[in-house]
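With chain P held as given, fit chain E onto it using these hints.
Order-wise, the sequence lines are chains P and E.
All you need for our numbering is the position in the first sequence, starting with 1, plus 877.
All you need for our numbering is the position in the second sequence, starting with 1, plus 755.
Everything labelled a hint here was simulated from the structure, so no lab data went into it.
One or more of the hints may lead you astray.
Unchecked claim - Here are some of the chain P residues that sit facing chain E, going by a computed Cβ distance under 8 Å:
hint : residue
1    : H1125
2    : R1128
3    : L1131
4    : T1132
5    : S1135
6    : G1136
7    : F1137
8    : E1139
Said to hold, decoys possible - Chain P is faced by these chain E residues, among others (derived, beta-carbon under 7 Å):
hint : residue
9    : D767
10   : L768
11   : L771
12   : E773
13   : I826
14   : Y827
15   : K844
Cβ coordinates follow ideal geometry from the N, Cα and C atoms, glycine included.
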Amino acid sequence: MRLTSHPQSVRGLAVAGLAATFVAMIATGDAGHLGAIALAPWTGLLGLELGVVGGTAVGVVATGLYSGAAEIAGGPTGPLELSVRLVALVAVGAAAGAAGGRVASSERAYRAVASLQTALLDSTLDGICLTDARGNALLSNAPLRRISVEMGLPPTGTVPERLLAIADRTTEPQRYRERMLALAREPDVVSVDEFELKDSGRVFRGYTAPVASVEGGAGGGRIWTLREVTADRELERLRDAFVAAVSHELRTPLTSISGFLEMLADEEHELGETGRGYLGIIRRSTARLLRIVEDLLLVAQIEADRLELQLGPADLREIAAATVEAAGPAAEDKGVALELLPGGPCPLEGDAHRLGQVLDNLVANAIKFTDAGGAVQVAVVHDGAWARATVSDTGVGIPTDEQGQLFSRFFRASTATRRAVPGTGLGLVIARAIVEGHGGGIALESVEGEGTRVTVALPGQSGGA
Amino acid sequence: MRRVLVAEPDSDLSVLLERQIERLGYQPVRDTPDGPPPDVDAVVLEPASAVGHSLLRRFGDAVPPVVCFSIYPREAGLEPPGSVAYLVKPASFAKLGATLQLLFAA
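If we strip away everything but chain E, and leave its shape as in the complex, we get:
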């Protein structure tokens, strides 16, 4: 089963994303900020957050594919390395599912 890490600063939204990812048939993974970065197939990340930046730094050069899920529109400088898709909140979860499906099919 594909493992998807959620890096979302809002706790309610983080729970929602994990449940949606589970419904889509993937395994949601929680990050433990003090430990090493988890082994995952993709990251759903809010690029406009300290949580996201901190996580990406910990991945170093081995950043998995990143699906940005942001409150800001796509702009130069905001999109992190490893970004493969950019969704603006509140994108529907059907769209998130389609994005992940496309990513894992590649």
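For reference, chain P alone in the conformation it holds in the complex:
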């Protein structure tokens, strides 16, 4: 049984104490009450280390020492006196042994839990580190230590200092440096960021957040996690390249299909009703395929930061009116009431074609996800410096836990997949990129079963109503 981290020292000290007390009793010629009392703490100390049985044995030995000293130096040696001392010292030894056993048992349990926690932290992919309010590392796991070496972080200093030291080795040193300094200035900020190392091309995603209580509730600490995402980024790059290549290649057969369809128009009158119906289906499918290809190529441009906008004077109300007019037949076919709420002009500097694409997408979505008998409303207002267009519907809505992913590529809400509503999951990605390209923003509110409202806000021009 081991109570302390230095059991040999404790045991040695206790044995030495017993021996010294024995010698002192002989040397002073007094093995009376005080001698027996002086043996008790050493008996207890040794008992703590040796457990109940060991403590009992130590009590017997201590009584023997007392008896021997009393014989040599003089003192009570009668059966009654020895029995009293024996009981007392054995009781001390046994009690200390029992207490030591409980403490040792608790320590074993604590060590087992600590060992499991270390194993858990060390077996994650992420490097994890906990720092105090000054940024000193309190705890770090094995992956973090490995990543730190691979990244070439300096071995000393606070965690923010060590991370800041590699700023010039990242592909965007200025941005990286600013992020790190901002983290140091704002202890409450939560941050997720990626950075790439110039020399190795390795990409890491870092996450940091304040920790409520570190160092016994003092607060001000931080957790830092670091994960290598090089493979993820390479996979995304390959996927984007593949999608772009396929989309470009699809343009040739699509040109053939739409071109021959154009030529067939001259001979359409020679076809029967069924044939003309088939031709209509081919035209619609071709148009849909073209839209998908255009969307894929536009997303590829967005991902490469190459979205080009042809800015010029435009009016958001006129754009919305054209959208509502174009979507009218689809809404009517579905039995959905579509209207543009009245209002005045809404001038802005923008790419009318691309903004039309945004509103077309929002209104098409609203119609697609609204059942017959429902309504879709488009409102355009000039609100101070902002031109705002809002598309509201009384449709199926979007589950709350999915709303955060709606602007991610290829994401489709469960309400869309359950109802087999066609779509690529690119429309909102494109809409947001176009709106943000104008210096604006897009916001979505939705309640499942009640409807959705999407608001586009764009920098407006004076003269709006």
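Below, chain E without anything else, positioned relative to chain P:
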């Protein structure tokens, strides 16, 4: 009659372009890769193709006006010398007709 050469690697699309050019009132011309470049008033060409590059090399300095008809958007380095217009597939043939009309009217 104006003569328009089609340099399109896809055979179906090449046939389609020739028919459309004919419908627009021009004479489509087929290239013979082993011979000298034909005498034409304009070329409709896919710039992202070996066929197009080979043809332009054979024209040397005497490249006729080129109407690009490409699967790729207009980008620096893709547009060949002599390019006077750039259409991205699948541009409508009405647009191609308008482009050629504008070219020959100049």
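Problem set entry | Closest C-beta approach of E773 of chain E to chain P relative to 7 Å, hint status | 11 Å, violated
For this session: Using Cβ atoms only, decide whether T1132 of chain P comes closer than 8 Å to chain E, and label the hint accordingly.
Result: Result: holds, 4 Å to nearest chain E Cβ.
For this session: Would you settle whether the hint for L771 of chain E is holds or violated, based on the nearest Cβ-Cβ distance to chain P being less than 7 Å?
Result: 4 Å, holds
Exercise. Would the stated hint for K844 of chain E survive a check requiring a Cβ distance to chain P of less than 7 Å?
Worked result: 4 Å, holds
For this session: Against chain P, run the beta carbon of D767 of chain E and see if the smallest gap drops under 7 Å.
Result: Where the cut-off is 7 Å and the nearest Cβ of chain P is about 5 Å from D767 of chain E, the hint holds.
For this session: Could you check if L768 of chain E really has its C-beta closer than 7 Å to a C-beta on chain P?
Result: At about 5 Å, which falls below the 7 Å cut-off, the nearest Cβ of chain P leaves the hint on L768 of chain E intact, so it holds.
Problem set entry | Interface hint outcome for S1135 of chain P [beta carbon to chain E under 8 Å] | With a closest approach of 5 Å, the S1135 of chain P hint holds.
Problem set entry | Cut-off 7 Å, beta-carbon criterion: hint that Y827 of chain E touches chain P | 6 Å, holds
Exercise. Does the nearest C-beta of chain E fall within a distance shorter than 8 Å of the C-beta of G1136 of chain P?
Worked result: 4 Å, holds
For this session: Let me know if the C-beta of F1137 of chain P comes in closer than 8 Å to any C-beta of chain E, holds or violated.
Result: Where the cut-off is 8 Å and the nearest Cβ of chain E is about 6 Å from F1137 of chain P, the hint holds.
For this session: Against chain E, run the beta carbon of R1128 of chain P and see if the smallest gap drops under 8 Å.
Result: 4 Å, holds
For this session: Hold the hint about L1131 of chain P up to the distance rule: shortest CB distance to chain E must be less than 8 Å.
Result: 5 Å, holds
Of the numbered hints given earlier, the model fails hint 12 alone.
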